[in-house]
Every structure is written in C-alpha cells, then in structure tokens.
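Q: Residue-level listing of the chains:
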Amino acid sequence: MSTTIAMSTETKLTAKDFTSDQEVRWCPGCGDYSILKQVQTVMPELGLPRENIVFISGIGCSSRFPYYMETYGMHSIHGRATAIASGLKATRPELSVWIVTGDGDSLSIGGNHLIHLLRRNFDVNILLFNNQIYGLTKGQYSPTSPGGQVTKSTPMGAIDHPFNPLALCLGASATFIARSMDRDPVHLREILKRSHKHKGTSLLEIYQNCNVFNDGAFEIFTEKGTKKEETLFLEQGKPLIFGANSDKGIQLDGFTPRVVNVADVSPDDLWIHDERDLGKATLLVRFFDDPAKPLHLPRPFGVFYEEDRPCYEDLLKAQVEEAKTQKGEGDLDALLRGKNTWTIV
Amino acid sequence: MTTVEEKEKVVILFAGDSGDGIQLTGTQFTNTAALHGNDVSTFPNFPAEIRAPQGTLPGVSGFQLHFGSVEIFTPGDNCDVLVVMNAAALKANLRQLKRGGTIIANTDGFDAKNLRLAKYPDGVNPLKDGSLGEYRLIEVDVTKLTRNALAGSGLGTKETDRSKNMFVLGLVCWMYNRSLEPTIEFLKEQFRKRPELAEANEKVLRAGYSYGDTTETPMTRYEVKPATLAPGHYRNIMGNQATAYGLIAAAKQAGLTLFYGSYPITPASDILHELSKHKNFGVKTFQAEDEIAAITAAIGASFGGSLGVTASSGPGIALKTEAIGLAVMLELPLLIVNVQRGGPSTGLPTKTEQADLLQALYGRNGECPVPIVASRSPNDCFDAAYEAIRISVEHMTPVFFLSDGYIANGAEPWKFPAKEELPKISPRFAENKLQPGEKFLPYKRDEKLVRDWAVPGTKGLEHRVGGLEKEHETGNISYDPENHEFMVKLRAAKVEKIADHVPLQEIDHGPAKGKLLILGWGSTYGAIKTAVREAVAEGQEVAHAHLRYLNPLPKNLGELIKNYERVLIPEMNNGQLVKVIREKFLVDAQAYNKIKGMPFSAGEIKNKIYELLK
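So the protein sequences, as listed, match chains A and B. No gaps in the numbering here: position 86 of the first sequence is 86 in the working numbering, and each next residue is one more. No gaps in the numbering here: position 128 of the second sequence is 128 in the working numbering, and each next residue is one more.
Calculated from the structure, these hints are not laboratory results. We put the beta carbon where it would ideally sit given N, CA and C, even for glycine. Be aware that one or more of the hints could be misleading.
[What the hints assert, rightly or not] Ranges between beta-carbon positions, derived for each pair:
no., chain 1, residue 1, chain 2, residue 2, range
1, B, 490, A, 49, 28 to 36 Å
2, B, 157, A, 308, 47 to 55 Å
3, A, 317, B, 48, 35 to 43 Å
4, A, 94, B, 70, 50 to 58 Å
[Said to hold, decoys possible] Each computed BS3-like pair below joins lysine-lysine, with the alpha-carbon atoms no more than 25 Å apart:
no., chain 1, residue 1, chain 2, residue 2
5, A, 339, B, 225
6, A, 12, B, 415
7, A, 339, B, 497
8, A, 339, B, 415
9, A, 197, B, 459
10, A, 324, B, 277
11, B, 113, B, 158
12, B, 277, A, 327
13, A, 12, A, 197
14, A, 317, B, 439
15, B, 277, B, 419
16, B, 584, B, 497
17, B, 415, B, 433
18, B, 279, A, 324
19, A, 197, A, 16
[Claimed, not checked] Residues of chain A placed beyond 12 Å of chain B at every Cβ, according to the derived structure:
no., residue
20, 12
21, 27
22, 78
23, 80
24, 92
25, 94
26, 140
27, 154
28, 159
29, 164
30, 183
31, 255
32, 267
33, 283
34, 302
Okay, chain B solo, but in the shape it has when bound (with noise of 0.2 Å):
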C-alpha cells in the first residue's frame, strides 16, 4: 500500500561501506533533484583511507542531501531518511535521524559478520530487537534482488554486487517520484567503453524503481516541488569545480594564460582535475615534484605575463610560505588557493575546518600583507575565485582564495552567469614609453600603489627583480634603514588600499541596528543564514553579516559593527576572525567555536542566538 505525502523539504543521508559508492548515489540523486527544479544542499562525508576495513565504524561513508520547494542553506541538522547498506552504517549515523524519521536497510549488510564488525553485542540485531520501533523501517535484501535482476547477465558476483547502488538510488527515485533519465544518462556516459556495464548499472537501477511499485510493504511516496528560486538559467555545480571554472574564467576575462601549479593534496585535487580537462581553453596544468615547486612554478609563469595560480590545503600551505614571501616582494599577480581541512600537521585530511585564517593572514616571516577572500559556499567559489583574480591582477600581488573541505565537496545549485555579465579584468601590462637616456623604473607606482607589470620580451625594460629589500621605484637592492621602513609600510598601505575598490560589507539578513549581530566568514554561511532567518521570523532581533573580504577588511565594517549591542563570531577553529575583530575595532565580540571537522548545524546556531538574546 502506497500514500503520497508532500514535503516542503527532506533531507537524505545515503551511508554504507567507502566502496559502495555512496558518495555516487547520492551525488546522482543531488543531480536529479536539481534537474527537477529543487533547491539543494549537500555534504559528503567520507574516511580518509581509500578502502577503510569493510563493514566497521571508521570505514562508513555518507552523503547527506536537503532538497525542497523552498530555498535551502544547508545540508539539513538532522535526517529525515537514513539509508544504510549495513550494520556500522546504521550504528554510526542513527543519531542523525530525526525521530519517526525513516531508515531504509540492506538486511544483507546485518549478518552476523556485519553485525560483529560494527561492534553490536553478540546475538543483537537492531533491526530484529525492536530497539528502532520509533523509525519507520524498510528493509530490503538489496544484495539479492541485485543479483536477481542481473541473473544471466554473465557478470560476476563482483560486478554484480557493484551496482547494488544503483538499486538503492532506483528505489529513492521512486519514493520521490523523479526521473531515471539523467542517471541513465550518466551511466551511459560512464560506461562508454563497457556498455554492457551501463546497462547492467540501469537494469539494477530500474529493478529498484520497480520494487517500490510492487512491494507489498507500506511504502510512503513524496512529492517535494521545485522550489521557487531567483528566475533564471541554473545548473547544479560542487565548490572545487566552481572554483575551477572562476580560474578559467578570470583568466579568459582577463586575456591571460592560466598557469596552474600544483601537488595533489586533500581536499584540493579535485581543481587539478577539473582544470587539466580543460586545456582547449589554452590552460596550463604542471603536477609540480612539491608544493614548493607549485607555487614557485606559478610564480615564474606570472613573471612570464600568464596568470599563476596555485591551490593547496593547510600542510600544503605551510610548505608554499616562503615563495608567498617572494610574490610579495616581487609584486606579481598569484592566486593561493586554500581549501582547508582539519588541521594541525596532517590532522583531519577529510574533514572540514577554517582555521588556516590566521596563517593566510600573518603565517610569513617579515611584514608580509597579503589580500584574503573566502568563499562562502559551493557555488559562490566562482564569484570568490574570479574576485580574488581581479585583485591580484589588477592590484599585482599574490591573494590567498579561502575555502574548505565542506565547500570543496558540497553541491548545490547555481544560477550560472554569461560571459558578458562578468567583471572585466584588466592586467597592467607595461609598455616601452622611455625617453632617450631614461631609466625604467620598474617599481614605480601609481595612485593606487600599484607597479607595471613588465614581462620578458618588452624591449628596453629588461629589469631584475627578486627577494631583496628594494630601493622605492629603481628595485635596486637596498639596505638603507629608511628606505625598507618606507617600503613595509608601502606594501602594507597598497594592500590596505585594495578596500577602496571593493564593495563595502552588507547585512545579510535582519535589522541594520539591534541586539545581536552574527558576523561569519566562509562556509559557515548557510548555518548562520538559516538560523538567523528563522529567529528573525520568530520576532528576534538580530542580524547576519558574511565577510567574503577578509584583508583588507570592508571599510564600513567598523561602523557596521558598532550598531549592535553584540557581535557573535562562529567558526570552525579556535577563534581567528575573533581576534582580528577584537584588535581591529576594540569590540567585545564573542567566539562561538566547533572544531569537530564538522560544519556548524543551523540548529546549533539558532541556540546560540537564543542563549545570548534571553
């Protein structure tokens, strides 16, 4: 028997194995959802090994998805359907799912030995023991009907048991009636060169839709509308990817040739793999032996006229520090990007964390100002990325592009720009205007403190450069007392300058005078967004600002401050933009702090603001 329910929203955490392609399903069904028209929001959650030991705790993988018919912030506080493919899957996400929620279980994942590697007593079956009688429980032997459906197709067990997925994804599509399309689609596309792969992938795939239409268990079906957004043209994009694609069109916009010098590292890879596919558009992508060599490299291309561009995370960072101190000798264009991750050392190479603010910000030997900008989520890594481009290029120094694991690896939709609507870029490129007998002066300023980029192949402005201290506008090396007192501050006020041609900061959301501002940085955007839309519709008053400009600071940003009679600050570190703010502007502002290599929930937040207004 089968009921229709509608839902203005639902979350869905898919959890199995790290080789059950969890992370697969649920991109796909992200996907799916977001050709349907909904508004989506996710947050993969994965191990850091390849393939941790099957069927225990610390090898579970999970994606989490919140989708609705109205705008969506966040990945969802807890779930509505829990899918697991076994036992340890259950035992480690449980606690997620909201109550009456419902699980969906592989009854083939809870055999004895499943049971045993996710350490429940002996004899215990959580799905026999009656201990999930709140929930609504689904269980479905996906192992056999996968094998059922494949019976005869002359593939292995092996193979066969591969695409157990896709039975999983099937029977979601049926409970929220969506299309198989775009994942047939992707299967083919997958597939190319095994199509018999593919079609053994959509058989299992409809064998799950089709279970859903003839079982006899009481199944509830879905309807979540597409959610009324912004009109315009939107594609479902990830944050590594919309960087990627905010280098390719920073540089295309700007007419220069994107170097892109880098070392795998988690979680950046993904830019470097998104980047190499693109080389018709003249990119130039260099696996460097180091995260030296990255930067360095990028920094001897953007010598050379073209656009260098380097991404890391933290350990990676620490590693680039030195050469971050050249560029900004040298006064060249340079991105850094940083997708964050828990740290310190190694730390948490999986999950997320900011707490590499305060190394962006002063992690360099000497007075070394370097410009910040910080992603706020998944799609706005293309806005942030371009932004830090026209900085660099046009203010000629290095700028660090902040991001982190949870941006990184989370979807959503993306209301996708033309070429046109794009900010111009215009690189400084220094011609030879030299009267006979003068002297290039290759450090010479202008009023926004900003030297000529003069590259090889320029005749008459053949020039050194280098890490020395210089003498002001002939670059010569210099050790006079006066003029490197003149020149640090030099460095520091151009960068400071940069404040004048950025739009000053904005309140988010809520009253421009009140009780309680919320002031974040980064992906903690969505959480503070819907937490302070949902007080604020409660009648509280306080009000959200989210920093994208985190050096130099918005020029408003002290007075907007001052208009509240509180400043909460949440990050997932220790307290860094709270420091700042504190010494900047001699407020009291207050740490909200998660360093769980977890993002903020919106319900975290909301007590917050909460405790603070009682």
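If we strip away everything but chain A, and leave its shape as in the complex, we get (with noise of 0.2 Å):
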C-alpha cells in the first residue's frame, strides 16, 4: 500500500523504535519470529509516522504480533481483523493499516471476509502467515493442510482437499499476491516493502514453520538442499529459472507449463515473469503441485500479479463529496423538517 504521509521531519527511526515493551511469547524456534523482526526492520524505511500505523490481528498465533509491535494495533477475534480493517480503512484512509493473520484466522473461520475485503480493495496489507497446521489449539489440521495429513484431530489423515491461497485470492479479484517465508528474511524485507508499495489490498502469503505442531513443513522449500531445486524466485521482466545451478526454466506450451533446460532453449522462449499479466499469474499460482511427486513444478515465491484498481475507501469518499456538490453539507434542520410540515399554535 502507498499510503503518503509526509515523512517525519524528527530523528529518524530504527526497528528499536517499533519493538514493544511486551514480552514475546512464541514458542522458541517458531517462524514468527523471524517474521517480526523483518516487518520491525522494514518499518523504518517506509517513512511512516509510527502513530499512522495499524496492525490488526485476529486469533492463532500470528494475531499475537500487534501485541510486539510499538504502534497502533487491535489483537481482535477469530477471522474478523480483515472486516475491522475495513471499517478503519473506510473511515480514515490515511492510515497504514496491516493485518496480520493465520492460515485458520483467514482461510477458515475467516474466509468469508478475506474474499470480501479482496474484491472491495482497501488498500490494507495482509499478512497471511500459512504454517499449515492450527498452533494455537494444538495441531489440529488447517484448511492448507495437505490431503492426508495425520494430525490431533485427523488421527487417520485429514480428508479434506487443502486451498491453495494464492489461487483462491487471486479468484477473488486481488489487486496484489505474492509469496514469501520466514527463513529467507532478505526475500521477506523485499516483499514486504512491495506489498507496502501496492496501492490496494496486497496479500502476501508467507510459509511459516510451526516447530512445535508441524515442524519441517516447508523444509523443501527452505533447506539448502533442495531449496534451489524447488523454489523459483520470480523477478519481473526476467525468464523463469531455477535450480541449483540455474539450469531450469518454464517454457509455456500453450496454456501447460512445462520444466525445460535452460541450455536446449533459446532464451526468448522460456516463459518471462510479467506481474501485470492475469492470464500468467493464474497459471503462475497453480504452481502448486505436491513436490514429493515426480515432475512436478517448482513452488514460485515473489510477486505473482498486480493490478490498480480504485480502493474502496476513495470510492465512499468520492460519493461522499459528490453527494455534497450535488445537496450541499447536511442540514440537520432541513432533514429534520422533511418537505411536509404543518405548525399548530
């Protein structure tokens, strides 16, 4: 988001400035650690007055953050911190709002308002941090639970088909997707401040391991082993390459993504990342597939789409000072009159 506020003329301020007094008490070794500190150390570069700065958070274990940052914030119940933010947004655009949330707080209980919010666009900033598993009740599945997972309440493997967030995000009209994780805090610092940037709602899903109820569930995705080969960094305008010794890329052939070597094909043949592209990002989020399996797609991490669209919050406004042009600032007496009256004496 973009939001512009002029940049404090006082002493400049650090991630020191943005940390509470308030004791952080995430499990030792858990994701979300990593994850405040990058948004701590972000915070100063974004020029923000820090009494303009919201963050909003539902419940599970990531609705703890606003609790450690040092500025406005709302730690509020399961799965509403979108719809919260939309009234805020709605009444004072000028602030910097931010969510904070979890895969259960906004793909389960909270589903229903994180669509809502997307296709209304505040320009608000989500942060989906997806650890697959419910921490906070200790290990039940989520909805992004792989298919088959054994868990405290799926003793036989869970049934359920998992979403797919940035998919379902993206069905829902986001204006911005984009992946991150906790373990590569300079590829989160970078999309933080992109997702800052956008000016609409940006939702930036970040893999987060939970050490305690679902530990290594992104390992893959992390781990130095195998990172290179699963992971696909996206960078705009560039071919998509991947691999450890960047050998791969992704040539289209027709709708069907396919894993080429870099050596066979002409460089203008491999598939270039364009954010502005709806067509690419909605084969791009598909991406998806179970990387236990053979043939399967790297998993993409960067910006996926961006559009501009009119945030909600500048549309009220806008019909708010046209109703003023067109009737004039409210007369209280006038409505209170109506247009029939009569007077008894």
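Fit chain to chain and form the complex, with the hints in mind.
A: Written out as structure tokens, the structure is:
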C-alpha cells in the first residue's frame, strides 16, 4: 500500500522504535520471530509516522503480533481482522493498516471476510502466516494442511482437500498477491516493501514453520539441499529459471507450463515473468503440486500479480464528496423538517 | 345522497393483495391526514413473501390507520372502515371491523376465481348472500372504473390495473374530505422519469374522488377536525426513518463521522436505505458481506475515532454476539440497533415481537454488560437513538438500541426538534499530555469509570487493545486471577454508573401511589397509555410507567414500584422484563404476554386492568 504521509522530520526511527515493551511469547524456534524481526526492520524504511500505522489481527499464534509492535494495534476476534480493518480504512484512509492473520484465521473462520476485502480492494496489507496447522489450539489440521496429514484431529489422515491460498485470492479479484517465507529474511523484507508500495489490498502469503506441531512443512523450500531445485524466485521481466545451477527454466506449451533445460532452449522461448499479466498469474498460482511427486513444478516466490484498481475507501469518499456537491453540506434542520410540515399554534 | 357526520377519530384498514399497492395507499392517506393536522398512528401488516400467490389468504397485505382530532396512541383496536381489494382481504380482516362499520369492496376482486382462492365455499359470495347485513357495504368495481378512467391513455392493461389503488385513495379522500394535492405532489416526484405514469395515476386518483361526488350509492362523508396537539412544527415520520435521523443528528452534534455497517434484514433494512441517501452529511454506509462483518467493520471505524453503528434484527444480532463482547472489552463507542421481529430463528420476519430483551441483557459469553435503551413509538426512535449514542460516546461502551417491527414500520406525527434543542454529546478524545518518560495508560479511568478514546494518528499514544483480559490501566494482557475479578466488576460498575447520568423514572399517567402499576417498555406504549387513560378516566386506581432505560434501570425504579399494591408487565414475549423486575426488586410482578406477532390492542390491556382490579 502506498499511503502518502509526510515523512516525520524528527529523528529517523529504527527497528527498536517499533519494538513494544511486551515480552514475545511464541515458542522458541517459531518462524514468527523472523517475520516480526523483518517487519520491525522494514517499518522505519517506509517513512511513515509511527502513530499512523495500525496492526490488526484475529486469533491464533500469529495474531499476537500487534502486541509486539510499538504502533497502534488491535488483537481482535477469530477471523475478523479483515472486516475490522475495512471499517477502519473506510473512515481513516490516511492510516497505514496491516492485517496479520494465519491460515486458520483467514482461510477458515474468516474466509468470507478475506474474499470480500480483496474484491473491495481496500488499501491495506495482509500478512498471511501459513504454517498449515492450528498451533494455538495445539495441533489440529488447517484448511491448508495437505490431504492425508495426520494431526491430533485427523489420526487417520485429513480427508479435506486443502486450499491453494493464492489461487483463492486471485479468484477473489486480489490486486496484489505475493509469497515469501520466514527463512529467507532478505526476500521477505523486499516483498514486505513491495506489499506496502501497492495501492490496494496486498496479499502476502508467508510460509512459516511451526516447529512444535508441523515442523518441516516447508523444509523442501527452505533448506539448502533442496531449496534451489524446489523454488522459483520471480523477478519482473526475467525468465523463470531455477535449479541448483540455474539450469532449469519454465516454458509455456499452450497453457501448459513445462520444465525445460535452459541449455536446450533460446532464452526468448522461456516464460518471462510479467506481474501485470492476469493470464500468466492464473497459471503461476497453480504451481502448487505435491513436491514429493515426480515431474512437479517448483514453488514460486515473489510477486505473482499486481493490478491497479480503485480502492473502496477512495470511491466511498468520492461519493460523499459528490453528495455534498450535489446537495450541499448536510443541513440537519432541513433534514428533520422534511418536505411536508404543519404548525400547531 | 350524501350525508356528513363529524367524527372524533376513525380507523381505516386498507387490505388487498401484497401486489395491490396497499402500503402505498395507506402511507399516502396517512400523510394526507397528518398534513390536515390530525394525530395519526399506523400499523402496516404484510406477508414475508414479496409477492405471495395472488388472491390467497397468505397474500393479504394490510395497512391500518388511526387518525383523529384527539390524541392518538395506537393504530386502533378495530376499524370503522375496511377497504378490501379482493375476497381474501375481506375474509382475513372482517373480524377487525366494528359492528355497523363500512366495507368498501372492489367487486372485481370477488369473481369466482378470487372467491375460490379465498376459500369461500362454492357458490358463496359474501357481497351477495346477505352475510354482511350488519355492515354498511359499498360495492365499487374499482378495476372497471380505473380502466374507464384511463381509456385511450395508451397504457396497457397491466399498467392501468396497477393504478387501482389510486382510485381507492381518491374515494377515501372524498369520504374524509381530504385534499388530493399531497398525493399529486408525491406522484410527480415518484414518477419523475415517467411523467405519463404520474399523469395516469393522478387521473385515476381524481376519478376516485369524483366517483364519491357523483355516485348514486348512498354514501356518508366524515369530518375529522385537526387535533389539538402541543403547539409546534410537525411532520409525519416512520420509526426506521426516525432512527436513521437520530443517528445522523447524534453523529453531527458529536462532531463524529457516522459509519453504518449493515447486512440487509427485515425489518431493519430501511435504516440502511435511509442513511445511504444522506452521504452529504458525511455518512458512510457499508453493506457488509455478513452480519459479523457489519459489526466488526463498525468496531474498526470506532477504533479509528468514528461513530460505529450496526443494525439488524434478532437472527443477525445472534451472529454479532461475539463482536459485541469484543466491543465491551475494547471499551469503544458502538451502537447496536435491534429492530426486533418474531423469533426464534428466522421466526416471523415481518411480524413484531419484543423477545430479544434477554438476548440484549445476557446473550453473550462471560460477564458482559451492555447498556440498553428502548424506543416506545415511531417518533420516539429519534430521541431514543440519539440518547443511546450519547451514552455510548460519553461512557465509551457499546449500547443496544431496541426497536421492533411495529415501531419501525409505523408512522405518527413528530414535533421535530431544531438543531439547537438537541443535547450536547462530548467525545472523550485523548490528547498526548505525557511527561517525558511517562507511559500512556489506555485503560486509565475517570470518576465515571470511563477511559479516554485514543485514536490512531495521535502521536505518542500508540497502544494495543484486544479481546484478551487486560490489566487495569495499562491494558496489557493479564491472566492474573485478582485482576480478572477486579476488571469484571469494574466493567459492571461502569455500566451501572450510567444510571447517575440518565433521568429518573417518571409516571406517564395516573396516581403516584395506588392499587396497580402497569410497567411497560418499547412498543407497548401506545396501547398501555390508551388503556390506562381510559381506565383512570373511569375512576380506576391504575398508573402507567414506561421504561426507556432497560440497563441500567433508573435508580428510583425500585422505590417507584413499591408505591403500588400490584405491578403488571405487558410484553410481546413470554415474560422477559418481568423476570428482570422480579429478580432485581423481589416484587411479585405479574406478566401479561402476547406472542402472536401482533401488538397488544388497548382493549386487551384495559380488560386486563379491570380483571386485576375486580
């Protein structure tokens, strides 16, 4: 989001200025620590007065986040951070509003508000911490848990088909979707800044390791041995290339993406990433197959898609202004009097 | 031959198919009567289906209007005049007609098909079989006369027949010697984009009026003189409209942006419709994806320093419950409007009930007190909604405002206030007055136990709020057992203290001590008032008190109740306020319940008074 607020002329803020006095209480080793650190690091670079920043969360491990940020904040109720942020942004468009949510909070109990926020395109940032498990309630499967996952509530394996969060969000007309991970701080900081810069709702899915209830869920994307083979880092205008030696690329065969050896094709024949191409984004979010199976596609990270579309709060404000132009500033006496009156003396 | 009779008050019931334009006819005649200076009270009664099967009993829509030269408090128990557009309308409403009353029947609605749909036995036509002998029956072929009036207008049969209701309205205007001008003005406004329809409807309206003048059927005209209401400027207003105006006025007087989050639901939607017309007051309406989003978006707006309001009816309020609890913890202003309807579950969407009082009082998890203000009549919605917002803003708490379907859709004259007569509302915005090194305490309270409203954008007051139990003053999360008990009692005391800042309970009518007190709340006001006035005039020792503040209750209520030997609490539920009064004051208050989706009649209350004072 790109809220323009005059840069504070006072001393430049640091990450420490965004650290509240509350003791952080996530489990040791939780991926949330890294995300918190990257957010606190990025904040001063955004040039926003601290008092104009608001973090809103729902319920879940990730939703403790606002307590640790020295900004305005609300730790609300399960699934509703998106709706609360909508009301706040509708009335205070100048604020920089950040929603912190998890896979259960945003995709299960709060699924409805998430899709409606996206279609309305409020200029807010959503940080969706996806750990594919319910952590705070101690280990039940979530709407992003892979099929068959054995958890406390699915001793015989989950029979639910999981959501593909980015495909869902793109389907709900999101104007910005991106993915990053807790274990790649440099990438995460870069994408956080991109999310902030987008005017409209930015949806950033962050793969986050829950080392207590779902340890290693994203290991294949984060660990040295497999990361290069299994991940695809998206860069605007650059070909889709991955692999330990950057030797693999993606080529489009009609609407079907295929993995090719870079050496075998001309660089012009590779898929060139274009964040503004909805058609390509629609295919890219479907790079979501089971990494354990052969011939699968690498998992993309980075900005998948961005488009410019008017924001709800701006349209709402414009209607208020238009009503004032057409009818004049509201006159309470005239409203109460109405058109037909009579007088008793 | 026409005769003229003078009448003090008249009750007319318009009835027909839900597609016959009955509500419009009733509303227009109400406005006409009000502009004439009569006191009025109305009761629209319609099916939940938009277009129930034509001609059937479930499809009957009714609009009852009580108007007079004296003060009117209810839409009337029984009607003097029954206007029926078809056989089903007669069958459904005949028992409402007084003996000797007048029936105006559209004969075209009594053909074989309509009689069969109305479930009259084969070959029976009530207009022809003498069964209506004890009434004055005026038969008019409204359909034919409407078509005649519009012959050559170029309009099709369907459009022509749609203006039948204007013929009836014209005829009734003739009967009560009322000007057609307000309706003609309305038609011009309504059909601004289709002047040919405005013209056609006006033609039919005039034809109905002329029919009264020229018909050879013996007809009576009535004179109902203007009422002697308190001096002042008046207009006609409906309940939901008055609620919307109350919200706009309160926000404006408090200097706050009104944010209205709502999801469509009967009978609350008209508040959304009304507010969305007034964006030039800075009103921001938000039709949310569901009831939960409607209230939580309003909470977000309040967190940002706006006035968050949400409205719904029972089932929608049930969905908002968790969020109301959050607002109690956050201690932010928030108004929750419940336009009650018949329950439980989907219940009776278009019928009225007062069965959500206990939901408002207790329907949340944990110890979760919320102040409650209830409106007693359509125009009272303005004052009650305004007052509910005053409490919410000045005491930093969510507040329930209870209305119901009867009030919401009913209309009455309103002595509207001027802006400068409205009470002041003072928001408690926090300013940064911290000394260097001093920490901001978001939950620090004043002597009313109210915290300040520190909104985002205020430098130096950055803080976090949430639904977890918080430590006294700092607002930090706290699981300390002592703190929790302390905070629960503190939140309760804060709400209780509101009683210090609202008026004491007064007796509406009747002696200050005596045999019987009728204690009411909400829309039973008119029926109780009428009944008690009559009973007092007839020498009965009975008084009426009507509660606006249901939580906290007025401080003197316990004393006031003890001045009477008996207390009767009429409610359109299975006994809710009565439970609260019995529990709180240990008095043997008696319940009088009606749970039929219909308001009490004054007669029912009066009979009960006589039964108890026998």
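Q: Decide, hint by hint, whether the structure agrees.
A: Outcome of the hint check:
Distance hint check: the CB atoms of residue 490 of chain B and residue 49 of chain A are about 33 Å apart, consistent with the given range 28 to 36 Å. In this structure, residue 157 of chain B and residue 308 of chain A meet the distance hint of 47 to 55 Å, their C-beta atoms being roughly 52 Å apart. A hinted range of 35 to 43 Å holds for the C-beta pair residue 317 of chain A and residue 48 of chain B, which are about 37 Å apart. A C-beta distance of roughly 56 Å is found between residue 94 of chain A and residue 70 of chain B, which places it inside the suggested range of 50 to 58 Å.
Proposed proximity of residue 339 of chain A and residue 225 of chain B is supported: the alpha carbons are some 22 Å apart, at most 25 Å. Simply put, residue 12 of chain A and residue 415 of chain B have alpha-carbon atoms about 58 Å apart, too far for the 25 Å limit, and the pair is violated. Taking the CA atoms of residue 339 of chain A and residue 497 of chain B, the gap is about 41 Å. The hint is violated against a cut of 25 Å. Between residue 339 of chain A and residue 415 of chain B the alpha-carbon distance is near 14 Å, which keeps this suggested pair within the 25 Å criterion.
Distance restraint check for residue 197 of chain A and residue 459 of chain B: the Cα-Cα separation of roughly 23 Å lies within the 25 Å cut-off, and the hinted pair is therefore satisfied. Of the pairs offered as hints, the one joining residue 324 of chain A and residue 277 of chain B holds, with about 11 Å between alpha carbons and a cut-off of 25 Å not exceeded. Restraint check: the Cα-Cα separation between residue 113 of chain B and residue 158 of chain B comes to about 18 Å, which is no more than 25 Å; the hinted pair holds. Straight-line distance between C-alpha atoms of residue 277 of chain B and residue 327 of chain A comes to about 11 Å, which keeps the hinted pair within the 25 Å bound.
Between the alpha carbons of residue 12 of chain A and residue 197 of chain A the distance comes to roughly 20 Å, so the proposed pair stays at or under 25 Å and holds. A threshold of 25 Å between alpha carbons decides the hint, and for residue 317 of chain A with residue 439 of chain B the separation of about 36 Å lies outside it, so the pair is violated. The straight-line distance between the Cα atoms of residue 277 of chain B and residue 419 of chain B is roughly 20 Å, inside the 25 Å bound, and the hint therefore holds. At most 25 Å may separate the alpha-carbon atoms for a hinted pair to count; residue 584 of chain B and residue 497 of chain B meet this at roughly 16 Å.
Simply put, residue 415 of chain B and residue 433 of chain B have alpha-carbon atoms about 44 Å apart, too far for the 25 Å limit, and the pair is violated. Using a Cα cut-off of 25 Å, the hinted pair residue 279 of chain B and residue 324 of chain A holds, with the two alpha carbons roughly 7 Å apart. Our distance criterion of 25 Å between C-alpha atoms is met by residue 197 of chain A and residue 16 of chain A, whose separation comes to about 22 Å. Under the 12 Å C-beta cut-off, the non-interface status given to residue 12 of chain A relative to chain B holds; the minimum distance is some 16 Å.
With a least beta-carbon separation of about 17 Å from chain B, residue 27 of chain A lies farther than 12 Å from that chain, consistent with its non-interface assignment. At roughly 8 Å, the least C-beta separation between residue 78 of chain A and chain B is not larger than 12 Å, which violates its mark as non-interface. Chain B draws residue 80 of chain A into its interface by the beta-carbon criterion, the shortest separation being 4 Å against a cut-off of 12 Å. At the 12 Å boundary, the C-beta of residue 92 of chain A falls inside the reach of chain B, the nearest C-beta of that chain being 4 Å off.
Residue 94 of chain A, annotated as away from the interface, has a beta carbon of chain B within 12 Å; the closest lies near 8 Å. Against chain B, the non-interface label of residue 140 of chain A holds: every CB pair exceeds 12 Å, the least being about 20 Å. With a least beta-carbon separation of about 26 Å from chain B, residue 154 of chain A lies farther than 12 Å from that chain, consistent with its non-interface assignment. With a closest Cβ-Cβ approach of about 27 Å to chain B, residue 159 of chain A is found to remain outside the 12 Å limit, as its non-interface label requires.
Residue 164 of chain A, annotated as away from the interface, keeps every beta carbon of chain B farther than 12 Å; the closest lies near 22 Å. Non-interface call for residue 183 of chain A relative to chain B: holds, since the shortest CB-CB distance, roughly 27 Å, exceeds 12 Å. For residue 255 of chain A, the requirement that its beta carbon stay farther than 12 Å from each beta carbon of chain B is met, with the minimum near 32 Å. Once the 12 Å rule is applied to beta carbons, residue 267 of chain A is consistent with being away from chain B; the minimum gap is 46 Å.
The beta carbon of residue 283 of chain A is kept farther than 12 Å from every beta carbon of chain B, the shortest such distance being approximately 29 Å. For residue 302 of chain A, the requirement that its beta carbon stay farther than 12 Å from each beta carbon of chain B is met, with the minimum near 30 Å.
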